[in-house]
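These are the residues of each chain, in order.
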Amino acid sequence: MKVDDPPTVESPALEIRSARRIKWTRRRTAAKRFWREYRRSTLGMVGLVILVLFIALAFSSIFVDKSALSKTAVTEESIAPCTFVTLPCAPNSTHLLGTDADGRSVLALVIEGSRVSLLVGFAAAAITMVIGAMVGILAGYRGRVSDTVLMRTTDFFLVIPWLPLAIVLAAILGQNIFVLIAIIGFTSWPSTARLVRAQTLSVKEHSYVERSRALGATNSQVISRHILPNVMPVIFANTILTVAIAILSESALSFLGLGDPRRVTWGTMIDAAFDAGAISIGAWWWLLAPSLCIVLVVLAFMLCGYALDEIINPRIRER
Amino acid sequence: MSVLAVKDLWVTYRTQLSEIPAVRGVSFDIPKGQVLGLAGESGCGKSTIAGAILRLLPARTKIEGSIELEGEDVLGMKPGRLRAVRWTGASIVFQGAMHGLNPVKRIGDQIAEAIVVHQQAGEKQALVRVGALLEQVGLPTRRMRDYPHELSGGQKQRVMIAMALACSPSLVIADEPTTALDVMVQAQVLRLMKELQSELGLSMIFITHDLSVLVETSDRLAIMYAGKIVEEGPADMVFHSPQHPYTEALAAAFPEIGDDRFRRKPMGLGGDPPDPADLPSGCSFHPRCPKAFDDCSTVEPELYPAGERRRAACLLVPAAKERAGAHA
Amino acid sequence: MASQQRYLTGKLFQALITLLFILTFNFFLFRVLPGDPIRLLTKGAGQRLTPVEQQALREELGVDKPIFPGQYVQYMGQTLRLDLGVSSIVAPGESVTSLFFEKFPKTLFLVGLSTAASIMIGVVLGIYGGWKRGQAVDLGSMTGSLVLYSIPEFVLGIMLLLLFSNALGLFPSGGFESAVGDRAGLDRWIDILHHAFLPWLTLTLAFIGEFFLVMRSSLLDVLGEEYISLARAKGLREKYVLRRHAVRNALLPTVTLIALSFGFVLGGAITVELVFSYPGVGLMSFEALEARDFALLQGTFLFFSIGVLLANLTADLLYAYIDPRVRTS
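Protein chains in written order, with our numbering: chain H, 1 to 319; chain F, 1 to 328; chain D, 1 to 329.
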């Protein structure tokens, strides 16, 4: 057998740098592999495309003329070819999605609403994920008393019905977009916590956790280096679902009249339309536009989440 | 007539992306009353063969070759006949200690189910037979009203054995029956199986990766690697004087106390079993083989005769060199 | 079986503890608020009370006592005697408890029938979809369920109203029964059902998707287990394996998950009753919210919490019936 040349020893600094480079190269290859896998799912791609479109729509809201959203800026010219008598006006050449009862373009409202609705969804989901992940990892990792206490609390909050609780909180704390985000964010964490805890428990079983602790790693090191990276995929997949649920939650609260009156979201649009009697008038466009947006966005999130789930939890495809 | 005759069996798993050959041209015979031990590492195809015999593999799997159970062609059977033959012609002992038993049904009912479905008895009669079976495997009859979670690992494995014998099959396929058990329990269960086998004159295929277990229980031994049988012969001889380097390494990994061979040489086989989708050229074992030479990477060895009723697929076997000489 | 009784009493006991926590939570939710509770109570309705009236109200509500133990004890005592206070705006002077008992049957009718339908259809489709994975019926049901899951229940209600009531005129636009005319007996029931149909359909469709997905997922997990392979190896027919081995095991996590989602079903009742002006507890909750009628609102929260608690208890009992491991350990 040939004898290999002894490996050349680079300076320690270079070694550290190359170790880091290896870590990043590994991550990049993993990401590329993940993307290739994801691309194979048609449903996942459809969901992703829809999401991208809506995010682009949300961005375009920056260019919407703010006067289009103001009730006081409505004039006879702005609502032509409709007249004040025929409001709300069905879709026509000027207003592609018609107008609301005040003469504002539904299209402009929907675009503005997309930004706010999506932001609320993402922000609330962020809060939920942070709380849920913290509770879940702590409960799963520390076990025993912490676990029991945290899980009993979680189970208790799971029993509390969400909408009644949110209603009471909103009634007390006020109708403010930030309050809404906080309410949705701080009430949706239980199911995330349970999921993260289950995953933490199964990761904890792996021997590298024990080994790491035997080598003297502190709790936070073990958590950040071993637990967190392995719990991340589950957290990520769950975040997708959480954003979707947050958007649904905001729409429900807004529909009940608890939305921020100074802002336009898809939920507040539906509420305004409903209160104005859009159903009996037959002003379907005013109701359909924001509704369709909600459904499409949530569906898109669901499809992405479904595709992700198939990758993370591959089930044996055949029997 | 053999109880089981397998000729040139090829099993290929089909996924959305590719075709993966799990079994590549395997042939063996099991005469009545004999035990064949099938050994090899994970992924070598041995469990696939177990599944193939009763056609329990996923629907899209391609099976080619011939499998004859008591003279009947299994691969060509109609679904009705196949269902009838399952458990009565051949049965399987799974790993009971894991999830081989339905957690929400009493074990007695699970055993009786097979008897009743194959119309060997009515429900009441079946339970009587279940009692007898449980006694046969060393469990008290009253246990038949228990649920699986009320039994220990060893007890659950005994239940699996009792279940496998329920319809008096001609062939019993034991697929890693003792792998999940503690060593002590393992010994008990093996002893039980050996007793039952000789008492009832069962023909058996015993599948495991633990070679030392097979030496005690089998008449003949077949070693599998990468979907093929690489050595075959009487159990004793194959274990104590292996002709194939893989068998040698495998035997060395499960030493017998008192056997001189294991005193001095450090044993163990480096590397991993090959990926069935990406097999090495020539002899699939050559990358890990301590005795590999040049030809090994180009010539794929067949099973050459290597002694009395023995065969080995290695170019180092004398018969191989003759064959090679004849070719060149 | 003694152990079964032990399990049941254990669960009952747990439920009572949870009830205690719910009551306490309810109490603190409304008391530990920023600001003067009296002002909050009257803020939403814009009532103006003289200082004397305010003081009288204070004493009546007991907010002049310290929160703990004074107010808490008073609250617990009242609640356990089913005295949940008096509505101030929605139905001034009427006892909250009596209002609930009056409206509750209508909501029970609606929610009960729709939940039953959702579960039955969702579970059956889920079993079928999981069994015939990847085939047309599965893909179709999956898509349908994902879409239904994405539609908020009130949106679904609005769409159904627009189509079937407004456009096609097949169903009334809301309410419990026709205001005009005195119908009796069967006629009245047909009228009631006619009014209840669209809201029932809305709630049923809204939750089918979720139950389908849960059942299907659960069944797929079970079908991968070894005892299923064993059952097939025994020569059992596919349908038999599905029915006798797979489904029962797959129902276990499904029961738990369905119970967990009951809170959302009740939430859905609120918005759907609003859309259809269906005079049940849900609509009353909305009215209490709009008017900031805090006594009524507090009663609402309590009512829905207890509802979910009962649903979970039922699920626990059902689970024990299906899973012997729980009973005999």
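Worth flagging that the hints you see were computed from the coordinates, not collected in a lab. In this text, all values refer to a predicted model and were calculated from it rather than measured experimentally. Note that CB positions come from ideal geometry on N, CA and C, so glycine has one too. Wrong hints could be hidden among the right ones.
Derived pair list, reagent style DSS-like, types lysine-lysine, alpha-carbon separation capped at 27 Å [stated by the list, open to error]:
| no. | chain 1 | residue 1 | chain 2 | residue 2 |
| --- | --- | --- | --- | --- |
| 1 | F | LYS291 | F | LYS32 |
| 2 | F | LYS105 | D | LYS239 |
| 3 | D | LYS132 | F | LYS124 |
| 4 | F | LYS78 | F | LYS62 |
| 5 | F | LYS62 | F | LYS7 |
| 6 | D | LYS11 | F | LYS78 |
| 7 | H | LYS71 | H | LYS204 |
| 8 | D | LYS132 | D | LYS11 |
| 9 | F | LYS7 | F | LYS78 |
| 10 | F | LYS62 | D | LYS132 |
| 11 | F | LYS124 | F | LYS105 |
| 12 | F | LYS32 | F | LYS7 |
| 13 | F | LYS105 | D | LYS103 |
| 14 | F | LYS62 | D | LYS11 |
| 15 | F | LYS105 | D | LYS106 |
| 16 | F | LYS78 | D | LYS132 |
| 17 | F | LYS32 | F | LYS105 |
Per the computed footprint, the stretches of chain F lying under chain D, defined by three or more beta-carbons under 8 Å from a beta-carbon of chain D, are [claimed, not checked]:
| no. | region |
| --- | --- |
| 18 | 84-94 |
| 19 | 110-124 |
Exercise for the section: Output the numbers, in ascending order, of every earlier hint that fails for this structure. Expected result: Structure breaks hints 1, 3, 6, 7, 8, 13, 14, 15, 17.
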